[in-house]
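Visitor: In case you want the letters, here they are:
Number of protein chains: 4
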Amino acid sequence: MVGRKVFHLLHRSDSSAARVVDGLLLLVILLSVAALALNTVDDVSRDYGDWLEAIQLCALIIFCVEYVLRVWSAAYDPDKSPSRGIARFVFSGYGLIDLAAILPSFLESAGFVSLRCIRLLRIFRVLRVARFASSFDRLARVLRRKAPDLLTFAFLALIIMLVSAVGIYYAEHDAQPKVFSSIPECLWWAIVTLTTVGYGDSYPITPGGKLFTSVILLLGLAIVAVPTGIIASGLTEDARDTRRQSE
Amino acid sequence: MVGRKVFHLLHRSDSSAARVVDGLLLLVILLSVAALALNTVDDVSRDYGDWLEAIQLCALIIFCVEYVLRVWSAAYDPDKSPSRGIARFVFSGYGLIDLAAILPSFLESAGFVSLRCIRLLRIFRVLRVARFASSFDRLARVLRRKAPDLLTFAFLALIIMLVSAVGIYYAEHDAQPKVFSSIPECLWWAIVTLTTVGYGDSYPITPGGKLFTSVILLLGLAIVAVPTGIIASGLTEDARDTRRQSE
Amino acid sequence: MVGRKVFHLLHRSDSSAARVVDGLLLLVILLSVAALALNTVDDVSRDYGDWLEAIQLCALIIFCVEYVLRVWSAAYDPDKSPSRGIARFVFSGYGLIDLAAILPSFLESAGFVSLRCIRLLRIFRVLRVARFASSFDRLARVLRRKAPDLLTFAFLALIIMLVSAVGIYYAEHDAQPKVFSSIPECLWWAIVTLTTVGYGDSYPITPGGKLFTSVILLLGLAIVAVPTGIIASGLTEDARDTRRQSE
Amino acid sequence: MVGRKVFHLLHRSDSSAARVVDGLLLLVILLSVAALALNTVDDVSRDYGDWLEAIQLCALIIFCVEYVLRVWSAAYDPDKSPSRGIARFVFSGYGLIDLAAILPSFLESAGFVSLRCIRLLRIFRVLRVARFASSFDRLARVLRRKAPDLLTFAFLALIIMLVSAVGIYYAEHDAQPKVFSSIPECLWWAIVTLTTVGYGDSYPITPGGKLFTSVILLLGLAIVAVPTGIIASGLTEDARDTRRQSE
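Same order as they appear, the protein sequences are chains L, F, Y and H. Here the working numbering is used: the first residue of the first sequence is 14, the next is one more, and so on. Here the working numbering is used: the first residue of the second sequence is 14, the next is one more, and so on. Here the working numbering is used: the first residue of the third sequence is 14, the next is one more, and so on. Here the working numbering is used: the first residue of the fourth sequence is 14, the next is one more, and so on.
Hints are supplied without guarantee of correctness; some may be wrong.
Distance condition first, Cα-Cα at most 20 angstroms in a straight line; then the derived EDC-like pairs of lysine to aspartate or glutamate [stated by the list, open to error]:
(1) H/K18 x H/D35
(2) Y/K191 x H/D55
(3) L/K191 x F/D55
(4) L/K191 x L/D214
(5) Y/K18 x Y/D35
(6) L/K18 x L/D35
(7) F/K191 x Y/D56
(8) L/K191 x F/D56
(9) Y/K191 x H/D56
(10) F/K191 x Y/D214
Not close to chain H: a few residues of chain F, all C-beta gaps over 12 angstroms, as computed [what the hints assert, rightly or not]:
(11) M14
(12) V33
(13) D35
(14) I68
(15) C71
(16) I110
(17) P117
(18) A153
(19) H186
(20) A188
Rather than coming from a laboratory, the hints here were simulated on the basis of the structure. Ideal placement from N, C-alpha and C gives every residue a C-beta, glycine not left out.
With the hints as constraints, model all of the structure from the sequences given.
Guide: Here it is as structure tokens:
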């Protein structure tokens, strides 16, 4: 009956013991990410590098033990046959994230040290934290429900950005051949401008380019406004549906 | 009966064959736009320029064949007389976009090579993609329904921008005669500031100008907030109306 | 009965003739503002200055005639005594804007030419355009209804901005004594940052200042989010109330 | 019965006399903060420093008298025993803010002059002003009700920011080793970018970095959109609940 108990501890968050385990794992994830981030600061790395490496190693061991336990205990799912329970966990979203969190470290220690980028994949351990948030479901449900509207809008936004990029290329290429050197470069300008970030690394200087940008910017407001409206309306509808079902 | 079949394939998206044709055309449009954009990058243009030109030529031929087929098959509309069906398609929004997507290339090959701007009009081919999105109608319906509110707001926004431009001209013209050289130039600053882009190419440096901008900026928040509120409220109302009609 | 007719033409927009007059006056206002703005551009002013001055003079004469007619015809309000009708118009919002649009020009021609700022007050003529928008009432009603919420929020925003200014002053004053020289100067930074404009004329460079700004910025999102939410909710409620009254 | 009267004057805002006292105290707080802020401007401090110090001293005395009166009168709460009434006020949110507003000045005059930061804590006096706003409750209620959603979203936003920081570190560290020197430094970039502030002190210059930032920015729009949607939906629900209760 140990398997059944571990299953409930790791796969069902319905007991106080399971919540303690969840909290501890969240702490390990945050510590591991903090150690990864701080180790890129030169001063900190020189003085505390060994400690930070030790924290990351400990976290890796804990994640490995946790993953093995999760796979093993998944066989004790009362609603599934053992092989089905394991397969279901391994190929679920959380199972893949758990694997992605430990696999890079093994690849690295197997000789691929030079692939520094792989080490950085460890950050995806953070995504496992989403497991701990319960009201995340509500947000995900609204986003899924409004996915067609959001995708259509994203499509429209991309068309507006493409048209902006081509327009500014024509208006500014001759005046600033280095800044607006090509349409992909102009697309970068269009995205930075229409999301209202506006770094200031590229902006129009000709009267024509400024006039074109002014018109595009007033459309850019809609780029911020429409998805907000879609999400606000989706949340309002969701709250009403929930209320009606409970009545 | 070939005409009737082509009509359903190109003018009605209700069969799986029609959806395959739609998907292929979307792919051609995207490839064509990507080729147009990449050809403006010097390095890519030098090495792969011929291939990119070939892709654009192929796309042009496909668009021409498609346009001719659409016009021809429009005569087989069962609800219209042949001439009416053709006229209806040619002068519809999509028909004009289709024409605008192929016409510039012919003008260009007819000797107007120097008119580079016309080549760039090809980008409007992208707008034809809107045809493929079905939930676009919902968004368009809400925008049309809220058009009076959005226009009134746009009018108010323009007044605020004009007042900002005149105010900053008076406050900063003496301190920065080059940056805030004229009211149209100040209008550029007002638009960049009130849409919260803030490139950093022009900003007030005098205490008076900063105080004036602070007040204007707090109004500028409303410029972002009001259209979002209008669209969110419009989407909520639209969802409720749809629900009531289905009850 | 001429007075009664002029009254309906200028004070009631319920006939097609009144709408034509409104449209013509809107055109004159826009022309007058455009002439004022373009006259500050050096090149345009040198070549076309006389024409632009002439347009502004014509507009001034039209505005004066219009104002006199409005005051005179206000006496023919059927619901009011003549003196009350005139007093009501002169001291109404529109009456004061109309006066503000013509008064500065007389002061200027009376010798106060050096007071260039007064000339710029002419821009307020634009505000009269609001008279032409009918759906502006709806927006104004929602804003008035939500005024207590919006004011409370504006108050909270000001407190957040003050706290941000004092915090950044303490964090960055020693590192950048010129940029963050005083708390009013820091308040300018706080407003530019929290409205997400971010010109780039002042930003923190110390680790403490960056950490403080990061925390403040996540609050700054709320500064954009809350008024939008208030207005969106107000518009939704207003639409529901209107619907209920019509049922 | 003086105690009872003072209790109603300071702890219940239900009489016109109490509202006058509230208004006067608000004025003193604003004057005190303005004096604190202006005293950091060198020119003003040199010329009017003594006056500004005098205003702050007067405000301090008024705050002390007010605090003593509030504590003393809290004993006359008709619903509580004297000791309970005092304890309740002293440890309430407002009681602690009132204490925090006067304590730093005493610490300072007791020799800790060098701790300039403590002086700046006076700004928290401003927070007492919240007491005067009654519709603040509504906003606070909605925020509290939507707290789980807002926290979940804040958590998601942090994950997106962390992933952005790690991604840009990998993409830009080699090209700009000084600007993107470490992951914490990249986190600063991620926050400034995703809140759409975009100072322009750090931005990607490599094609890979720009592509990555473009993708991240389109997600960044959601960072602005989701909390707005949550708050808008919360306010709409709150208004409906209030309406139902009154029906």
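Visitor: Find the hints from earlier in the document that the structure breaks and name them by number, from lowest to highest.
Guide: Violated hints: none at all, because every hint is consistent with the structure.
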